[in-house]
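Trainee: What follows is the residue order along each chain.
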Amino acid sequence: MILHVDMDAFYASVEERDRPELVGRPVIVGGTPEGRGVVAAANYVVRKFGVHSAMPTGKALRLCPEAIVLRPRMEHYAAVSRQIRDVFERYTSLVEPLSLDEAFLDVTGSRQLFGTAVEIAHQIRADILRETRLTASVGVAPNKFLAKIASDFDKPDGLTIVDPEGIQQFLDPLPVSRLWGVGKVACRLLQQLGVETIAQLRQLPVELLQDRFGRHGEHLLQLANGIDGRPVIPDREAKSISHETTFSVDIDDPALLRAWLLELTEQVARRLRRHGLRARTVMLKVRYWDFRTITRSHTLPAATSSTGTLWEAASGMFSQLEAKLHPVRLLGMGTSGLEQEGQVQLSLFDEPDRRKQHNLDSTSDEIRNRFGTSALRRGSQLEHGAEHRPQPRPDDS
Amino acid sequence: MKLHCQRSELASAFQIVNGVVPARTPKDILKNVHLIATADGCTLVGTDQEVGIRVDVGGIEVEEPGETLLPASRVISVLRELTEPVVDLELTEEGVLIRSGHSEFQLAAGDPAEFPPVSSFDDQPHYVLQGDHLREAIRRTLFATDTESTRYALGGVLVEPGDGKLTLAATDSRRLAVMPAACTAEGVDQPENPQPVIPSKAMTLIERSIAEHDSPVQLALHANDVLIRCGRSTIYARLVEGRFPRYSDVIPAESTYLVDLVVGPFYSAVRQSQIVTSDESRGVDFTFADGTLTLTSRAADVGQARIELPIAWDHDPLTITFDPRFVAEFLRVLPAEAAVQLHLIDESSAAVFRTDDGYAYVVMPLARDH
Chain Y
1 MILHVDMDAF YASVEERDRP ELVGRPVIVG GTPEGRGVVA AANYVVRKFG VHSAMPTGKA
61 LRLCPEAIVL RPRMEHYAAV SRQIRDVFER YTSLVEPLSL DEAFLDVTGS RQLFGTAVEI
121 AHQIRADILR ETRLTASVGV APNKFLAKIA SDFDKPDGLT IVDPEGIQQF LDPLPVSRLW
181 GVGKVACRLL QQLGVETIAQ LRQLPVELLQ DRFGRHGEHL LQLANGIDGR PVIPDREAKS
241 ISHETTFSVD IDDPALLRAW LLELTEQVAR RLRRHGLRAR TVMLKVRYWD FRTITRSHTL
301 PAATSSTGTL WEAASGMFSQ LEAKLHPVRL LGMGTSGLEQ EGQVQLSLFD EPDRRKQHNL
361 DSTSDEIRNR FGTSALRRGS QLEHGAEHRP QPRPDDS
Chain P
398 MKLHCQRSEL ASAFQIVNGV VPARTPKDIL KNVHLIATAD GCTLVGTDQE VGIRVDVGGI
458 EVEEPGETLL PASRVISVLR ELTEPVVDLE LTEEGVLIRS GHSEFQLAAG DPAEFPPVSS
518 FDDQPHYVLQ GDHLREAIRR TLFATDTEST RYALGGVLVE PGDGKLTLAA TDSRRLAVMP
578 AACTAEGVDQ PENPQPVIPS KAMTLIERSI AEHDSPVQLA LHANDVLIRC GRSTIYARLV
638 EGRFPRYSDV IPAESTYLVD LVVGPFYSAV RQSQIVTSDE SRGVDFTFAD GTLTLTSRAA
698 DVGQARIELP IAWDHDPLTI TFDPRFVAEF LRVLPAEAAV QLHLIDESSA AVFRTDDGYA
758 YVVMPLARDH
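For the protein sequence lines, the chains are Y and P, in the order given.
At position 222 of the first sequence the residue is numbered 222 (our numbering), and the sequence of numbers has no breaks.
To convert a position in the second sequence, counted from 1, into our numbering, add 397.
These are computed hints drawn from the structure, not numbers from a lab.
Just so it is clear, CB atoms sit at the ideal spot from N, CA and C, and this is done for glycine as well.
Incorrect hints may appear among the rest.
What the hints assert, rightly or not - Sample of chain P residues lacking proximity to chain Y, with all beta carbon distances greater than 12 Å (derived):
id: 1; residue: LEU504
id: 2; residue: LYS562
id: 3; residue: THR581
id: 4; residue: ARG605
id: 5; residue: SER678
Said to hold, decoys possible - Computed from the model, here is a short list of chain P residues facing chain Y with C-beta under 10 Å:
id: 6; residue: ARG496
id: 7; residue: VAL659
id: 8; residue: GLY661
id: 9; residue: PRO762
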């Protein structure tokens, strides 16, 4: 059985905990409206005004003028996140963190020691509350996809269980937008087919879905039937590290796509460095407006975690696609062939360059760890507003 | 066309030409060898269009001149399996007839007019080198090339014309091998290409074609290609495109420490230390301390090794980590009794091995990550 643990309004809740005078008042953690910042987290009071994360702070303040805007304290949140992670690891070593505030846990092997999955979920919620004074919502289900939906089902401070026998009963009434990979565009396409709920989607012939969504169509049908075979992969055993983003509107401007690709590359590179890993292979993934998806990969002469080197490879592959660029719906950047950092073979010819790159990477990592991801941004990313917030996706590979 | 050949001579000439015949190619015609027989003798020609070779075959009696294309791999098989010393070749309406003793083969023959031409070495400005000198210089540099480099032209050996010598240099950007070979210039005033890089494949061919040790080798360097005549072979090669890095800049002029070593025992120690390395931990620590060089290697799930070698060292201890393959490959091309000097600066700077005949080999160490 799989648990999906999702902290409730994490950044905002941490702030409320640390400053009790905020409790009951509308709180936004995020960038300032002057700096064209966005909402990183909103507490439940301010959410009632229609504020949600990723919304520009300026707009949020128009919806709720009395909201208190706090600068994110990422380092602090990361420390709390580590405390929570420690709780998880008491119950299982199979922990796959998705971000600071959510993770998948595979507790199948832990039941002999700690009781049923539901009992473990209760214990984890209690441990977190006792040790951090924060609440978590947990979904318990036979697979990742269902657990993720379940944790969101009764937020905040909820526990939702999906029995293997009750999968269809649970899924059928839900709107199709709950399926991973179904955003606005796919929703509209499904609406044209008269499909609003997962039950209706399940009735469609697979050929029709394949016709509209390509290979993704079959995948949708599997999800609608509650089938998801992906294992929980602990970060340190990850075979690949990747990020991808689905755009709210399809993009065909190469400069804008490049800005996004750079953003994704930076995040992947940072994650590699955080885990002390280097990657040998760089992958590019592009899904076009019509769901046609292509992937390219490039193997480097030596494994690296340098943003500059990874970007060189990713942007090189992207350049080769540019000529045949149609509107793009999803862009992804990934790395595989991961190895632990150890000794590096020094080079005869480009040493100063490598050292400079390394210093640049470690300095920018430090700034972002201390002040948050958006504290340091590249010109192209600012210009195009390319800022990626990692979200779990159905096919992260 | 009608020829009487010595089987062994024909077979060895085919073997040499086969060095350029591509195993896989979209152009099937390149899998052939072009045989040209004139009243003066017989020549075999092969090419992959980057590198080409012409080999004069000895021991052939030309009864009737002519030319034909022969399928390389099949003819080599035939020549290998035949047992009689004499082989007769004849071009007929049906193809090429190969007869020897009680055996007869009839092979389809291609049209020689369609075969790409390979230049011959006509009268032109060139350098002359002693065969064994050039061969030694190739052996000591060729192994350091990097055919996968995209950044620099490293897929070959730089043959840099200088005062009374050609300097051969090869690198894969982690180590660099440099070896001069004395030469005389015949009619060359200004080199057309000051930094010609000859592809590895051609260098291998040249090394193999230098038959007799003291036979002279003629080398004509052009802007985009090179022609070499040695013994019975003439080799043509298109030069590797791109820039060779400024190799002389990375050979440290001065060093802090100097260690004298003898190839045989040092090579043996390095080979031993290599046993306990893995893909994840390739490095071997070379610790120079009072009177002893200690090589230590360890790999997770494998084990560890410690090999000691007496040296003259009276400084503070110094540990420098190398990929042992790079050290071993250098030692392998030298005779066991040869003396080498190792010049060191510190654990993160280039180390240089030198021999007294002008050979220099630079290796970059491994560094702890971050």
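Trainee: Are the hints correct? Go through all of them and say.
Mentor: Consistency of the hints with the structure:
1. For LEU504 (chain P), the shortest C-beta to C-beta distance to chain Y comes to about 42 Å, beyond the 12 Å cut-off, and the non-interface label holds.
2. Separation of LYS562 (chain P) from chain Y is adequate, the least Cβ-Cβ distance of about 23 Å exceeding the 12 Å criterion.
3. Listed as outside the interface, THR581 (chain P) is consistent with that label: its C-beta sits roughly 32 Å from the nearest C-beta of chain Y, beyond the 12 Å cut-off.
4. With a closest Cβ-Cβ approach of about 29 Å to chain Y, ARG605 (chain P) is found to remain outside the 12 Å limit, as its non-interface label requires.
5. The claim that SER678 (chain P) is not at the interface with chain Y is violated, since a C-beta of that chain comes within 12 Å of its own (minimum 6 Å).
6. Taking 10 Å as the C-beta cut-off, the interface hint given for ARG496 (chain P) is violated, the closest approach to chain Y being about 51 Å.
7. Given the 10 Å rule on beta carbons, the hint for VAL659 (chain P) is violated: about 26 Å separates it from the nearest Cβ of chain Y.
8. Nearest Cβ of chain Y to the Cβ of GLY661 (chain P): about 27 Å, over the 10 Å cut. The hint is violated.
9. Interface restraint check for PRO762 (chain P): the shortest CB-CB distance to chain Y comes to about 6 Å, inside 10 Å, so the restraint holds.
The structure shown violates the earlier hints numbered 5, 6, 7 and 8.
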